[in-house]
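**Q** Take each chain as given, in its own frame, and dock them per the hints.
From first to last, the protein sequence lines stand for chains A and B.
Residue numbering for the first sequence is 1 to 157, as defined by my numbering.
Residue numbering for the second sequence is 1 to 266, as defined by my numbering.
For the record, the hints were derived by calculation from the structure and aren't laboratory data.
Keep in mind that this is a model prediction, so the values were computed, not measured.
Beta carbons: idealized from backbone N, C-alpha and C, even for Gly.
Please note: incorrect hints may appear among the correct ones.
Claimed, not checked - Covered by chain B, according to a simulated footprint, are these stretches of chain A (three or more residues, beta-carbon under 8 Å):
(1) 8-14
(2) 102-116
Claimed, not checked - Quick look at which bits of chain A chain B covers, simulated, 3 or more residues with Cβ under 8 Å:
(3) 17-23
(4) 34-47
(5) 91-98
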Amino acid sequence: MFEAELAEALPQAFHLAAGLLLDRQDAEDAVQEASLRAWRRRGNRRPGTDLRPWFLAIVANQCRESRRGSWARLLRMAEPPDAVAESSDRAAIVDLRSALRRLPHRIRLVVVLRFYMDLSFEQVASVSGCSVEAAKSRTRRGLRALESALTGTEASR
Amino acid sequence: MTDLLDSALRTRLQRAIAPSVPTPGASQRVLRRLRTTMESGTSAGWRPSRAFAVALVSTAVIALLGGAVGAVFALRHAQPSHPPLPAPAVAHTPAVTPTPAATPTPSSGPSPCDGASLSARTTFTIGAAGHDGFDVQLHNQGAVACTLTGYAALSGEQGSQPVTLNVQHEASGMVINPTGPGGTVPVRTIVLAPGGDAYFSVEYVTVNSDPRPCARLTHLLVTPPGAATQLVLNAMPSLGAVCAVGGGDPWMNETPVAAAPYLPYP
Numbered sequence: 001m002f003e004a005e006l007a008e009a010l011p012q013a014f015h016l017a018a019g020l021l022l023d024r025q026d027a028e029d030a031v032q033e034a035s036l037r038a039w040r041r042r043g044n045r046r047p048g049t050d051l052r053p054w055f056l057a058i059v060a061n062q063c064r065e066s067r068r069g070s071w072a073r074l075l076r077m078a079e080p081p082d083a084v085a086e087s088s089d090r091a092a093i094v095d096l097r098s099a100l101r102r103l104p105h106r107i108r109l110v111v112v113l114r115f116y117m118d119l120s121f122e123q124v125a126s127v128s129g130c131s132v133e134a135a136k137s138r139t140r141r142g143l144r145a146l147e148s149a150l151t152g153t154e155a156s157r
Numbered sequence: 001m002t003d004l005l006d007s008a009l010r011t012r013l014q015r016a017i018a019p020s021v022p023t024p025g026a027s028q029r030v031l032r033r034l035r036t037t038m039e040s041g042t043s044a045g046w047r048p049s050r051a052f053a054v055a056l057v058s059t060a061v062i063a064l065l066g067g068a069v070g071a072v073f074a075l076r077h078a079q080p081s082h083p084p085l086p087a088p089a090v091a092h093t094p095a096v097t098p099t100p101a102a103t104p105t106p107s108s109g110p111s112p113c114d115g116a117s118l119s120a121r122t123t124f125t126i127g128a129a130g131h132d133g134f135d136v137q138l139h140n141q142g143a144v145a146c147t148l149t150g151y152a153a154l155s156g157e158q159g160s161q162p163v164t165l166n167v168q169h170e171a172s173g174m175v176i177n178p179t180g181p182g183g184t185v186p187v188r189t190i191v192l193a194p195g196g197d198a199y200f201s202v203e204y205v206t207v208n209s210d211p212r213p214c215a216r217l218t219h220l221l222v223t224p225p226g227a228a229t230q231l232v233l234n235a236m237p238s239l240g241a242v243c244a245v246g247g248g249d250p251w252m253n254e255t256p257v258a259a260a261p262y263l264p265y266p
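With the rest of the complex left out, here is chain B (with noise of 0.2 Å):
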């Protein structure tokens, strides 16, 4: 019976899976990609790690203040007679370089991202318990850096029917839970260069404890902070039913946006 059922079982595997196996040109694809990411190195195929990111921004901090110190016991201490010295190690920042018409500028850091400039997509997903997740990866397409502050605004859509989203920011979700119970996530002004990416994470229950039905959200609208304009998430990866908690609109906790991914847990 067994070898009966496993040669049916093989047969039938066949012809069930077979329509599904992505068509020939499909090797071609994935290779073409790989190829984009290891010849372009960083931007896509290799990541920072947080205590990677942690331990370069420790550095940049420690060679700055190392430099500004050096720079003022070298001013303290300098005979006037004497040439100058050698501009401590700082001065190979373009930041600090001495620059012949130094000409104070307001701000010539980067402008908040316009949402124009950006596309979003989802990346990463998880679930647990009733609970779904996924990362928004914020890209900017432009061809300037630009900032993102904060928390994107969100809502949703069922159909052609808005659906307003009751949004928390709460870094302790079920599924999404960076910080641990109880914790906070910093919000900080996140650098985009031309072709970076930023994300934040969303969560929402997809098991309804409320009389009211569960919103089934067809696009996600999301503002980035700052920005003007609305970008649609219409491919959501597990986005079906999305209830409410405790009375009100459908819930959706949300994290502030960052320079890396949330998801998925190292």
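Isolated chain A, as found in the complex (with noise of 0.2 Å):
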């Protein structure tokens, strides 16, 4: 019952810590560890409701504390870029992802919910432990954040 549910939501949390993440590896490691924890405190959960939100929520806390120094980036940095290199804009997405990199985990984490997962303000709310209102204002500054990033690239093509 639990690793059916747990397979179910597993594509959006591979998806919601590559967005935190970054790093293909790193996403795997944090999802793997994610539902290890999630099988520990599954008798936290509420009785009856959505696996997905809460297990988000400990993918997303995972990403968190799995941070990577430099060692182990710059080894990353030595693999070939992948799809990122097949595309035309590619400065654009390098920038984009400087950014992202630099925004705080929290506000980065709602970005990530809102505008590449698409869930609702009630859903990122859930994930993320706030309130709606925190949630909507977390995204704006996000945006806020991102705006030079994409104008600036805007401009340049």
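**A** Structure (structure tokens):
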């Protein structure tokens, strides 16, 4: 039962971890750890509720905790860039990834949930553990922070 | 403008994040490991809290003491003509079950772990105010139980160059502080059953306040307490700069080996 529910939530979890960590292996590791953590804490889940927001919140926490330092990132940078390299506006994508990395975790979380995963503000608030108003406010802050990256690349095209 | 920005952002985010999304096979890998954990039940899936461990040990001690007191009391009050009293509760414990030929063996307990039977990996990481730290998990991959007592010996490598570390054994670091300010963690002997784990934590400073540049470690070399074999940690979660504190070699703080993870704090 738990496994089946989790299996359904995994694709979204991978997308969330990818958006927060911007690294494929880190994202998989984070979801792996989050899955084990969720299973250990399955008793804390409110009975009869959807597993997805509860599990995504655990994934978000795991991503915040599994920071990797410059040592690991330097090794990763040696890997050939995959699909990013094939895109026509590679510079814009690289800029956006850099801008995302600079966002504080809680702001990045709402940006990813809202604009990458297309969740409603109610769902964003549920996963982020904040009120809907706070989710909206954080989203606005995230947009403002990313605006310069986007408008800058728009102007250069 | 906001709608345009939203739309542009959504498109760009899709393209920026998509290359980082794990491949479809990742789901199977995650579920496979989860299944293993669920089947094993306790070893990886359930870790007793410290409070639970303390309660368990206390109960065992009380049971042993109670049994011993009961046995002494029974022996003192037993009449020679009476049949032997039933054994106290501790008789159920294999260690005190009377055996027909109870020849005393000098030391039948597990011996200290040989490094070759252990593997090491980093687990939970933490960081704040220029201090980073993480737990190291020592896993007994051998077929017999063994013990660990005290502190692992640590040194570093920067590429092929060895790096001597100024290792301190203080429990009250900035991010690794299981006892609070000024506290110490008692050194205990940890028995590692086959497949069992023990843990210690390290903390280091990532912001330089010393004229000398910080070391940039590529590996952390761990010699488990009492072992001769060095284990190499080469996938450090956040080990970049390791800086000196107040001069000398790069500083690192370490806690003694314990049965439960130090991190994350409850």
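**Q** Are any of the numbered hints broken by this structure? If so, which, sorted upward?
**A** none
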